[in-house]
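Novice: As a plain string of letters, each chain reads:
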Amino acid sequence: MSNEKTLGEVLRQQGVTRRGFLKFCAATASMMALPPSMVPRIAAALEKARRPSVIWLSFQECTGCTESLTRSHSPTIEGLIFNTISLDYHHTLQAASGTHAELAREKAMQENFGNYILVVDGSIPTANPGYSTIAGISNLDMLQDTAKGAAAIVSVGTCAAYGGIPHASPDPTGAVAVTDIIKDKPIINVPGCPPIGVVITGVLSHYLTFGAIPELDALGRPLAFYGKSIHDRCYRRPFYDKGQFAETFDDEGAKLGWCLYKLGCKGPTTYNACATTKWNEGTSFPIESGHPCLGCSEPDFWDGGGFYKAISMPTGDITRTAVYAIGAGAAAGVALGAVNRARKKRAEKAHEKVTINDLEKDG
Amino acid sequence: MSDTGATEFRVETGEALTYNVIPLLHEIRHGLARLLENDAATTIDLRSIPMAPGEEERIISVLGTGEVEAHMTAMGPSEIMETRFPGVWLVTHYNTENEVVGKFIEVCDMPQILKAQAEDIREGLAQLTAQLA
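Heads up: the sequence lines are chains R and X, in that order.
Read in the numbering used here, the first sequence has 82 at position 82, and its numbers run on one by one without any break.
Read in the numbering used here, the second sequence has 76 at position 76, and its numbers run on one by one without any break.
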């Protein structure tokens, strides 16, 4: 671990010119979702920034968050930032295992007590500590022990931020979020299933650059990335405003790229940077690929009532028709199936414009 | 599905989707006016704007190419291109893996990144002096 040198010194040692450093700062500002006018400030701060020690703990998780981080950014400009961060402990990425791995964690904690960044992915089981252990230590004990000396905690992924999928009904492990356990440390939630890789590094870079946690929303998320809803920044928003919706995944509206609201898009209630930062090196995001937003950066998204059910849809007429069908002696399932098929056919044939007022009326 | 059984796809590059093009061009126009009046530069981060498929390409095609095109190699390649509107530059930064790490429209006399930096000049002077010694 060598955190005596500043980032400016480290980069110069690597042969990076001032021009290269300015380019690095411009890309960092963009990554942190900060305006380009901030570049001089970022340059001044990064010049003096020192490598922080980072301890990464993985609890009840699927490693998707680490995948997101490594697939998207290694060895990019963000990767370079990671060269300048001392990642002292990460189950998946570290070479050491067993006793040596745990010793690395303890050493990093001792040497940087009060100054290291603790990154957590995965939720913590509370029903029985034996549900998830590392080197015989329960997740709960390891979190409490490691959090003591942390300057700040970053909860990466919806599981660490809000309990996520392990917390979904019926929640067999009694999964909880980091914020449910740790109350005396600054905690930044970076939710998403997984979060966008560049958002993870952007948050870490913000701490590295400014030595402070970024401005957060009510759910503990950095406003720079989670300040706007997917819906507000969606390029398909004009179709929503005009009442032009895809009714099925293969109808004319879907082909024309109309709004996916009626197909269950959770964009209006989901706060994340997907619509601007996008995925896979800025290629696209789910809505651009024709799939509704699942709302994965929101608490309890898994129990939201169905990915393909619209947030407030006119289920009324279906129910009414089904009741009539039962009255006529037909099976409700058959009736519903017929109604859905009829709706789909209708939608395919003629794309009527449906306004939000119509939706609300029907609901 | 078409008669042949093949799925039909439409590439969404039509005018109908390019809602960002006109407002962005206006922003550039305002930027040019500010540059002339107050010598104030404007930088627009293209990654911060929610683009529809094909929109960025459309903006870049409307801006066209001008008289100056520069290539820089510092922590990966960069392209600095003046558009057909003098004072409007398209700056694209890549990392060493040739992935785009930043794309900006700069409205200025010359993008800052093109200028030789004092630290680098100092180092170059020292090297040249040492070579001549």
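No lab work stands behind these hints, which were simulated from the structure alone.
Don't take every hint at face value.
[Said to hold, decoys possible] In silico DSSO-like cross-links for lysine-lysine, where the CA-CA straight-line distance does not exceed 27 Å: (1) K148/R with K115/X; (2) K103/X with K228/R; (3) K103/X with K183/R; (4) K278/R with K115/X; (5) K228/R with K242/R.
Novice: Now, for every hint given, state plainly whether the structure supports it.
Specialist: Evaluation of the provided hints:
Taking the CA atoms of K148/R and K115/X, the gap is near 47 Å; set against the 27 Å cutoff, the hint is violated. In summary, the hint linking K103/X to K228/R is supported, as the alpha carbons are separated by about 22 Å, within the 27 Å threshold. At most 27 Å may separate the alpha-carbon atoms for a hinted pair to count; K103/X and K183/R exceed this at roughly 40 Å. For the suggested pair K278/R and K115/X, the alpha carbons sit about 32 Å apart, so the restraint of at most 27 Å is broken.
Under the criterion of a C-alpha separation no larger than 27 Å, the hint pairing K228/R with K242/R is consistent with the structure, at around 21 Å.
Checked against the numbered hints given earlier, the structure breaks hints 1, 3 and 4 and satisfies all the rest.
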